[in-house]
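For the record, the sequence lines run as chains A and B.
Going by my numbering, 152 is the number at position 145 of the first sequence; the sequence numbering is gapless.
Going by my numbering, 1823 is the number at position 581 of the second sequence; the sequence numbering is gapless.
A hint or two may mislead.
Straight-line Cα separation of at most 30 Å, DSS-like style, residue types lysine-lysine; simulated pairs [claimed, not checked]:
#: 1; chain 1: B; residue 1: K1858; chain 2: A; residue 2: K162
#: 2; chain 1: A; residue 1: K162; chain 2: B; residue 2: K1268
#: 3; chain 1: B; residue 1: K1315; chain 2: A; residue 2: K10
#: 4; chain 1: B; residue 1: K1279; chain 2: A; residue 2: K162
These aren't lab readings, by the way, just hints derived from the structure by calculation.
No experiment lies behind these values; they were computed from the predicted model shown.
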Amino acid sequence: MTKSHIKVTINGKPVEALVEPRTLLIHFLREQQNLTGAHIGCDTGHCGACTVDMDDMSVKSCMTFAIQADGARITTIEGVANPDGTLSALQEGFRMMHGLQCGYCTPGMILRAHRLLQENPNPTEDEIRTGIAGNLCRCTGYVNIVRAIQYAAAKINGTPFQEAAE
Amino acid sequence: MNEQVKIDIDRAERTEKLQGMGCKRKRVEDVRFTQGKGSYVDDLKLPGMLFGDFVRSPHAHARIVSIDTSRAKALPGVVAVLTAADLKPLGLHYMPTLAGDVQAVLADEKVLFQNQEVAFVIAEDRYIASDATELVEVVYEALPCIVDPFKAMLPDAPILREDIKDKMVGAHGPRKHPNHIFEWQIGDKQATDDVFARADVTIKEMLVDHRTHPSPLETCQSVASFDKVKGELTLWGTFQAPHVIRTVVSLISGLPEHKIHVIAPDIGGGFGNKVGAYAGYVCSVVGSIVLGVPVKWVEDRMENLSTTSFARDYHMTTELAATKDGKILGMRVHVLADHGAFDACADPSKWPAGFMNICTGSYDIPVAHLVVDGVYTNKASGGVAYRCSFRVTEAVFAIERAIEVLAQKLGMDAAELRMKNFIRAEQFPYHSALGWEYDSGDYHMAMQKAMDAIGYKALRAEQAEKREAFKRGETRELMGIGISFFTEIVGAGPAKNCDILGIAMFDSAEIRIHPTGSVIARMGTKSQGQGHETTYAQIIATELGIPADDIMIEEGNTDTAPYGLGTYGSRSTPVAGAATAVAARKIKAKAQMIAAHMLEVHEGDLEWDIDRFRVKGLPEKFKTMKEIAWSAYNAPPPNLEPGLEAVNYYEPPNMTYPFGAYFCVMDIDVDTGVAKTRRFYALDDCGTRINPMIIEGQVHGGLTEAFACAMGQEIRYDDMGNVMGASFMDFFLPTAVETPKWETDFTVTPSPHHPIGAKGVGESPHVGGVPCFSNAVNDAYAFLGAGHIQMPHDAWRLWQVGERLGLHG
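Let the sequences and hints guide you as you build the complete structure.
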């Protein structure tokens, strides 16, 4: 199959590649760029495990062709940590609040939460729940994911976060 | 500051440093998972690796007239296409199941369920493999199919399993019909029938625990790599039980077990889906052996939902007999179990219906009788324990729904009826009518605590008012109060009654202390998100006085880990957790000898103090475990071998019996059928608590899966055997929006036979949650004369209930 030339900025680094027109962005990232953090969970765009950030929008990379990313800026979970290598507020929040178990939905969930907090730095619980409704988690029951995002929002905003009593 | 305060502070500081049992230690795993550095099967990339994909049957039941693979093979990039004809000479077209049946790897002569594997295409990349599956031409001759299990044993029913049609004795005894798998019964039939004949009150209800699927977010997948020169196979896969998989692969392939290396890397959730052996695993192995290069197989979601396992599909005719004042006298249950096309239930081998005989629940029921008939239908095979011990969700659903039906008939409060019939604390260890020995419990205390916490009396008063208001036409909302009091049976199990393919269901731990006092420990289990790397280290930290951060836990590599039966049925803590404690105690015993030598005292003069052995009465004379570790390698006592390590294979003396009291308050809009969970309160007793943070997380997750099962999740078939809705478009997985908010609570009743008293918790919330939701829905409609309403309770079905009752005007 003929291949097309694309230029993408991934986690701040310019990348050029040849892709088939039908190559999905998720496969391009995972198999051609070795960025295996984003996962495939459903093939139908429902689970959000493949979520990445593309040009300041959350995008399900299993519903996007790589060729559609030509010229785009993409952030994946591999590009989320602080420049000094420490965990970002969201990554730390997920760990501190036990917002993950098997870890399979986590990269997509964190990328989605990242965009949510960019759009709404101080979301209510309901706003968080609605905001992550495109991302499924089978392990946590979401309670601690909500707490993790609240933790991160507080940390980013410099406001106090009260851990819920057990 | 006085001396005692100083000592107390010192001890508290040393204890905290360990991050041992009982503390909310943050998870070790999360550092990699939050950075996208987990390593799951599909992340694996090997030089020359090929991709496999299946050609699947569009029919539920059909004869295969011909298969033409020529066009597929001609597609550039296609390397091979395997069919049953290729596997037959190798004897690999069928594989043994855990339940004593065989299962087709690639369909031989006919297909028995929709999406059954017919051919396996191997190509250079996954896109080409997928293209090529479309080019394999299969001619089918459709046959009449059986979807309804109640029609499976009719005299004129089509015979499904022609391969075993003359075999009238199966793995579990005589078969009554070519579509019959087994009849399993337990209990005293005569005594039970006598009680029912004499009882004041009896109830009988057909309770359906419908077919569903565990659906972890990561599907089933494998990579097989066969080294032709060494004759060795390495198999990476989504395996909840890697050691069992190695044994099964050895039995199937004829490769010696020591030349098979099975590796289960990080697993993206299991919930029972990843216990069994599937055609994809076998085909990737065969592909790699034939071609000499690695072959990867990755299921897509539709394949996952429609082929690799299902859960439930139990049709339970449940009866209770009681006195008129509510003392339960007996229980009688008949189950029609739909096992699909092959009996591939993942149960201990001698238990064709799992532990369904836990169905007497938390109640002191003097006599009971249970019969389970398993039948073949044209549906996917499986019957896995979806977030529960074997058939325990089914059993608990039966008793917890039945007791509510009885309460209604008696005109008694459902909580009061439970209280009246609970096994009393002093009756433990309790021998149930169907053969189990419950280890420990205090059900009355747990129930009372839960009722107080939820404000039970006030809720019933509110409900009574609401019902009156509804009758007066002032509200269109129905209020339901769901209760469930469950007893689980987990931690399989004792060798006397639990084995898989003849291997006793022990589990194992191997702990090795390094000279500098850090530790590596390896287990026979395999985490799929439960946080084993965190919690096992906490057990060792407390037992050996070494900080958990200095302890590395490793699982999933059969070359390095001791043999174990894996993680499912909440068995990791009850079995491997026990092995961990016992292995640690062996090390501690040796450490005591070394410490005595170092301190030049008798062993009996030493006592353990958090992280050290000290001389009794002389607390300033001590040796820490770290110092002892160095000495173990550097200067062990004469006549004692150097080193500090131990292994334990733990065969549990009994199962453990976690329990809990759950309450759900639900409001249902009678006109739309939309049900809203106002509150859900879950009190769990899992014995000793190793990490409260992880326990709470497990409860949240289990409740969410219970909510899904009860309120909408289903694998449904039409009359032609077409699987309806095998994608996340239709299969209900709750998002953060629908999922209720969970309130958790606990009591602690340690298991008397477990070294640290822990019982296991991962599955309790699912087991207890399903009936709790269903009871809430049923309770909402009960005063309108609805009768038993079957699950799942999605809005469409609840709207239909309103319609049937004439509530829509």
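Going down the list of hints, with the structure as the test:
1. Restraint check: the Cα-Cα separation between K1858/B and K162/A comes to about 49 Å, which exceeds 30 Å; the hinted pair is violated.
2. Restraint check for K162/A and K1268/B: satisfied, since their Cα atoms lie roughly 18 Å apart, inside the 30 Å limit.
3. A C-alpha spacing of about 23 Å is found between K1315/B and K10/A, which places the hinted pair at or below 30 Å, so the restraint holds.
4. Note on K1279/B and K162/A: the hinted pairing holds, with a Cα-Cα distance of about 24 Å set against a maximum of 30 Å.
Violated hint for the displayed structure: number 1, the only one.
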